[in-house]
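Number of protein chains: 2
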Amino acid sequence: MRTAYDRAEATLASLIAALVMILVGILPALAQEPLPSWNDTAAKSRIMDFVKATVTEGGEGYVAPEDRIAVFDNDGTLWTEQPYYPQLGFMLDRVKTLAPQHPEWKTKEPFKSILNGDLKGLAKGGEMGIMELGTATHAGMTTDQFSKIVTDWFATATHPKTGKLYTDMTYLPMRELLEYLRANGFKTYIVSGGGVEFMRPVSERLYGIPPEQVVGSTIATEYAIVGDVPVLKRLPKIDFVDDGRGKPVGINKFIGRKPIFVAGNSDGDYEMMRWVTAAKGPGFAMLVHHTDADREYAYDRQSAFGKLDKALNEAERRNWLVVDMKTDWKKIFAFEQ
Amino acid sequence: MRTAYDRAEATLASLIAALVMILVGILPALAQEPLPSWNDTAAKSRIMDFVKATVTEGGEGYVAPEDRIAVFDNDGTLWTEQPYYPQLGFMLDRVKTLAPQHPEWKTKEPFKSILNGDLKGLAKGGEMGIMELGTATHAGMTTDQFSKIVTDWFATATHPKTGKLYTDMTYLPMRELLEYLRANGFKTYIVSGGGVEFMRPVSERLYGIPPEQVVGSTIATEYAIVGDVPVLKRLPKIDFVDDGRGKPVGINKFIGRKPIFVAGNSDGDYEMMRWVTAAKGPGFAMLVHHTDADREYAYDRQSAFGKLDKALNEAERRNWLVVDMKTDWKKIFAFEQ
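Chains as they are written, first to last, in the numbering used here: chain H, 634 to 970; chain D, 634 to 970.
FYI, nobody ran anything at the bench for these hints, they're computed from the structure.
Do not rely on the hints blindly, as some may be mistaken.
Repeated chains share a single entry, so a pair holds when one copy, or any two copies, can fit it.
Unchecked claim - Pairs of lysine to any residue residues, derived as SDA-like cross-links and limited to a Cα-Cα distance of at most 25 Å, are as follows:
no., residue 1, residue 2
1, 781, 700
2, 820, 834
3, 866, 727
4, 729, 758
5, 729, 772
6, 820, 700
Can you build the whole structure from these sequences, using the hints too?
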């Protein structure tokens with residue numbers, strides 16, 4: 634009898650141990666207060682009220698888990714886009730790296746201006762200059778090669794003002810928001826005007842967003858056999874521009890479902906915000922408003938990067954949340970004291 | 634003492650009950666033998682050996698869960714593509730539905746042939762005829778409208794030979810394979826030459842594949858405001874053809890990771906099979922060979938739909954598995970006795 638009792642006790646003990654292991658894995662996530670870097674302002678409440686409604690079964694705002702799609706712009710919404718987009722920073726560095734192989738660049742725009750550190754000269758070249766720059770730095774290699782170039786660049790490239798790695802220039806409150814949404818069954822996507830293959834190598838590490846959940850602008854690629862090995866070559870040709878009116882198009886093309894949550898910060902996000910919030914049923918849109926010149930940057934209607942004008946004008950009547958970085962965010966970057 | 638003992642006992646009982654509930658949810662999946670509609674031939678063993686290797690930590694063939702991407706062609710790989718693609722069946726039916734609004738179709742090809750039930754006449758019109766047909770049936774409406782048209786069509790449309798719903802013409806062994814892969818941590822995708830918005834409305838129900846995991850050919854769409862409501866309009870213009878050399882391009886564009894498992898059935902899958910199996914590290918490719926004229930169809934090198942020639946020639950030397958429907962599959966359709 635004693636032996637049987639011991640055995641039963643041992644079985645119970647191991648069952649309990651297993652259960653405890655399971656609970657230990659779950660409880661910390663439940664115990665932690667969400668959005669710790671957000672101040673307790675109306676912005677935080679509005680976001681949390683919306684999310685709570687989407688997960689409350691039987692409630693009016695309930696949304697089935699498979700339809701909990703959330704899309705985030707990247708530049709200016711998840712990381713800093715001033716004094717210029719990180720992808721432009723990549724192009725400038727890339728020109729310097731490649732210059733020894735291109736002696737003609739010393740006298741040819743837009744390369745000449747870049748090599749002389751003259752960003753105003755670059756700006757004068759306008760769209761054509763930027764296109765040429767994009768082509769010279771983004772095309773002509775295989776997709777695998779480009780991915781490695783981007784990964785290597787992010788390992789050391791630093792922000793021109795803070796000197797921090799670009800990968801440290803992400804907004805902590807937005808990373809918390811991504812996590813909070815995922816903890817509530819949302820599938821989170823990036824929908825950016827930036828190049829999709831510029832973001833994918835770092836999206837998982839920075840935002841917990843896997844490559845297949847990154848929607849962005851694409852360059853044409855071509856299947857080719859090189860030395861009996863199939864590769865994809867990047868061609869000097871734009872395939873798709875995922876900005877402005879292109880964003881709802883990109884979402885439909887890549888995701889095939891209408892999101893119920895959208896976060897942006899510029900007029901380039903206007904159309905996808907309209908599209909998401911005009912749908913029947915729940916739809917939440919928020920704008921990150923850059924109001925903190927001390928901790929980050931302050932800009933909106935006049936900015937060359939991330940111009941926010943029309944969307945800001947219409948935010949109130951469309952019931953879009955405008956997040957004021959200065960007052961709504963306790964901390965902007967993880968590296969802040 | 635007795636009360637405390639009771640309380641402890643009650644706590645234990647509820648803990649055990651909770652654990653039992655958890656195990657009850659897991660055990661049936663573990664207990665069921667995978668791939669029940671496959672015969673115990675070499676094909677089944679090769680698939681299972683590969684999958685087991687990918688999940689064996691520390692083993693040579695181990696693949697981290699996030700890299701377990703599996704892609705499946707649709708027509709002829711997941712469902713029947715004879716006597717013509719289901720999407721062509723949709724076009725033919727759509728022409729008949731729309732004919733009263735287009736009296737001019739009575740005398741205009743390719744519509745005239747379709748309305749007269751003359752498929753040979755349609756074939757004579759060649760690619761231009763098919764393009765015109767595609768445009769007339771796939772463009773000019775919003776994405777929401779098209780999705781409803783497709784959903785309604787699938788609810789009643791039947792296969793011309795079996796009289797079964799098109800949605801019943803899926804291959805049971807392949808659906809089991811999709812489930813088996815997912816049970817082993819794979820993320821499963823469709824990568825088809827078919828229209829992405831033709832497949833998305835039914836992909837979850839038929840294959841357990843959500844819309845965002847369907848890669849296919851796309852039509853150009855445009856954001857527009859109609860009566861102050863933002864919509865996406867489908868334009869009479871091809872955006873991307875996800876076939877042949879387009880398949881690796883589509884995979885890279887939409888998924889951004891190289892799959893480690895690919896299933897196809899025709900030369901249209903050749904390039905993606907080469908691309909997947911040429912990668913360093915594990916890569917498995919299989920071809921569904923249509924060899925069963927009694928239960929389905931028997932065709933390969935000469936077929937107008939799903940021509941399989943080059944890929945079949947090279948299968949052996951590239952170590953691609955050729956699945957013989959007749960001998961490797963116990964059952965093809967769920968409706969079989």
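A quick look at each hint next to the structure:
no.	hint	result
1	781 x 700	between (34 Å within a copy, 17 Å between copies)
2	820 x 834	both (19 Å within a copy, 19 Å between copies)
3	866 x 727	within (18 Å within a copy, 39 Å between copies)
4	729 x 758	within (18 Å within a copy, 55 Å between copies)
5	729 x 772	within (16 Å within a copy, 47 Å between copies)
6	820 x 700	both (9 Å within a copy, 18 Å between copies)
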